[in-house]
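Q: Each chain, written out:
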Amino acid sequence: MENNKVLGVNGLKKNYGAIQALKGISFDVPKGSVYGILGPNGSGKTTLLGIVLDVLKSNGGSFEWIGYAQAQDARKQIGALLETPNFYHYLNAIDNLKIVAEIKQIKNPDINGVLERVSLAERKHSKFQTYSLGMKQRLAIASALLSNPDIIVFDEPTNGLDPEGIAEIRNLIKELSSEGRTIIMASHLLDEVEKVCTHVAIMKKGVLLREGSVHTILKDEPTYELKADNMAALKDCLNTRSTLNSIIEEDGLLIVSFTEKVTATAINKFCFEHNVILTHLKENNYSLEKTFLELIK
Amino acid sequence: MRLLKIEWLKLKKYRTFYILTGLFLLVYILFNVAVNQGAFNITSTNAQGVNMNVVNSDYSFPKVWGNMAYYYGWCIIFICVLVITLIANDYRYKTQRQHIIDGQSRMDYLHSKVVLVLGINVALTLLYTLLCLVFGYINGGGHVLSGTKNIAYVFLYGLNYLSFAALLALLIKRSGLAIVLLMAFVLFEELVVWLLDKFVKIDIAKFSPLDCSDGLLVKPLDGMGKMILGGSKTSSEFMIMIVMSFVWVLIYYFIARLRMQKADL
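Line order of the protein sequences matches chains A and B. Here this note's numbering is used: the first residue of the first sequence is 5, the next is one more, and so on. Here this note's numbering is used: the first residue of the second sequence is 726, the next is one more, and so on.
There's no promise every hint is true.
As the list claims (entries may be wrong) - Listed below are several chain B residues computed to face chain A (Cβ distance under 8 Å; list not exhaustive):
(1) R727
(2) L734
(3) K738
(4) Y739
(5) D783
(6) Y818
(7) Q823
(8) H824
(9) Q829
(10) S933
(11) R984
(12) M985
What the hints assert, rightly or not - In silico DSBU-like pairs for lysine-lysine, Cα to Cα no more than 35 Å straight-line:
(13) K898(B) - K209(A)
(14) K61(A) - K923(B)
(15) K102(A) - K209(A)
(16) K102(A) - K788(B)
(17) K131(A) - K738(B)
(18) K208(A) - K239(A)
As the list claims (entries may be wrong) - Just a sample of chain B residues kept apart from chain A, beta carbon distances all over 12 Å, derived:
(19) R822
(20) I826
(21) G828
(22) Y862
By construction, these hints were calculated from the structure, which means they are not laboratory data. All C-beta atoms in this analysis are idealised placements derived from N, C-alpha and C, irrespective of residue type, glycine included.
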């Protein structure tokens, strides 16, 4: 497994004063995946990416870019866009990218090439301050591609783009992925993650709710609400079931899903056989949208 | 060198850089021309033959070195504003954040600012030297080399002021506030030093952050000025001021370093 992941995150915590923005997040990003970090605004996505990109300092936990001795070496190779496009307003696209190339120590940067790839070549001599929000975002994506990176980190890459631009960027992400690159992408749009990602981590208020391949996480499988007098025993017994997909405790209920097709009857029987008497059992059939909304509620 | 190149890429198309450098040059040259032409002095001598001049308007060698060094100290404020603006720009445009994301280490970022301050300071010291030579040769006189220790003082003075300005910009992140605080600090420091000297009889001028370098650039007094405000410093006092200037620059550096290591950007 070690060789198959590009980023390992282990128990990351971050406090802003009394606010806990990240409450111990752990996951691995598999090589070659399009890894979506999905969650509503304020769930900690940008904070998480900020920490792995060293602009924020964590209050606990660790992360590792696999295969790089020094984190800054990893960052030089990685192409990343965090939150907003950050460029010198008084310089044009070419001059801004020259600075990026110098920082990343790229020998012969293909500045025209990346600008063409994001359809910005026509305006490459205009100052950054004259750009529309969408053009600024494109320049940030061009900048991320400058080092011809194996790993790309995008934070809300379609922010501020018009529908045509959104489609273009999503196609670009798919294209980049098909070239064998790993893409880590934060988004609050379920639809976006579903369309372009292979893996997803769902976050809410600094907690990782679920993580895995899009196929298993965002499928139309039912979830079950369970309750018993002895909740600890119920949890233990469910954990022995190998097909358990996820288990979340919420409002005194356990919300569980399985990787196999099960019926409510089968669950009831299974628990009874493990000496747990259910006091509540409800099957929820969700669409993707509903699953997501339910998860982050 | 690579860090200097990055800073140069940001500078060379930045209009404010040319405006502030131009203002500095203009004010600095005009000021010295004015003093040279006898501004601030009413008459050279009174009826009794006593020299009534307050400031020295002798711009021949070797006096030119000291005169031009002192007024350099007044004009450096333009360059302090430039340094603050350049560093605050990185916060305003969030490019400092982007530099880290793009793979600069936090220490590399800090050192790019050290290199920036050093580079500007070296350029300014060279400019000072060049202007002294120009003024000196126009006004004649001998002993071209005997006042050249002022070159080192000018370098040290600039290093202290520009480093302090850079630290303020790194800590405060906003150019307007940092500029106001720099000016407030300069005034405040003068007042505190004066009050302590007056009422507690402790002279901390040689030890306080910016004042220790102020003392290196000696007021070019003459005649009456010398009689009223005179009093020259001993070489051991100069030694203390030189050492203290370096000490403070190192202190600024370590405060900035601590900040860069710990802070969220």
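Q: Now tell me if each hint is right for this structure.
A: Taking the hints in turn, this is what the structure says about them:
1. Taking 8 Å as the C-beta cut-off, the interface hint given for R727(B) holds, the closest approach to chain A being about 7 Å.
2. The restraint placing L734(B) at the interface with chain A holds, with a minimum CB-CB distance near 5 Å, inside the 8 Å limit.
3. Checking K738(B) against chain A by beta carbon gives a least distance of about 6 Å; that is within 8 Å, so the hint holds.
4. Hint on Y739(B) holds. Least Cβ distance to chain A is approximately 6 Å, under the 8 Å limit.
5. The interface hint given for D783(B) is broken, as the beta carbon of that residue sits about 44 Å from the closest beta carbon of chain A, more than 8 Å.
6. With its C-beta approaching chain A no nearer than about 6 Å, Y818(B) sits inside the 8 Å limit, and its interface hint holds.
7. At a threshold of 8 Å, the smallest CB-CB gap from Q823(B) to chain A is about 4 Å, leaving the interface hint in force.
8. With its C-beta approaching chain A no nearer than about 6 Å, H824(B) sits inside the 8 Å limit, and its interface hint holds.
9. Among the interface hints, the one on Q829(B) holds; its C-beta lies about 5 Å from the nearest C-beta in chain A, closer than the 8 Å criterion.
10. Because the closest C-beta pair between S933(B) and chain A is about 33 Å apart, greater than 8 Å, the hint is violated.
11. With 8 Å as the threshold, the beta carbon of R984(B) stays out of range of chain A, its nearest partner Cβ sitting at about 12 Å, so the hint is violated.
12. For the restraint placing M985(B) at the interface with chain A, the shortest Cβ-Cβ distance is roughly 11 Å, beyond the 8 Å limit, so the hint is violated.
13. Our distance criterion of 35 Å between C-alpha atoms is met by K898(B) and K209(A), whose separation comes to about 29 Å.
14. For the hint pairing K61(A) with K923(B), the CA-to-CA distance comes to about 47 Å; that exceeds 35 Å, so the pair is violated.
15. A hinted pair counts as satisfied when its Cα atoms are at most 35 Å apart, and K102(A) with K209(A) does not qualify at roughly 38 Å.
16. About 47 Å separates the Cα atoms of K102(A) and K788(B), which puts this hinted pair outside 35 Å; it is violated.
17. Only pairs whose Cα atoms come within 35 Å are accepted, and K131(A) paired with K738(B) is accepted, the gap being roughly 11 Å.
18. Straight-line distance between C-alpha atoms of K208(A) and K239(A) comes to about 22 Å, which keeps the hinted pair within the 35 Å bound.
19. With a least CB separation of 5 Å from chain A, R822(B) falls inside the 12 Å interface cut-off, contrary to its annotation.
20. Annotated as non-interface, I826(B) brings its C-beta within 12 Å of a C-beta of chain A; the closest such distance is 5 Å.
21. For G828(B), the condition that its CB be more than 12 Å from all CB atoms of chain A is violated, with the nearest at approximately 3 Å.
22. The claim that Y862(B) lies off the interface holds: its Cβ sits roughly 39 Å from the closest Cβ of chain A, which is beyond the 12 Å cut-off.
The structure does not agree with the numbered hints 5, 10, 11, 12, 14, 15, 16, 19, 20, 21 stated previously, though it agrees with the rest.
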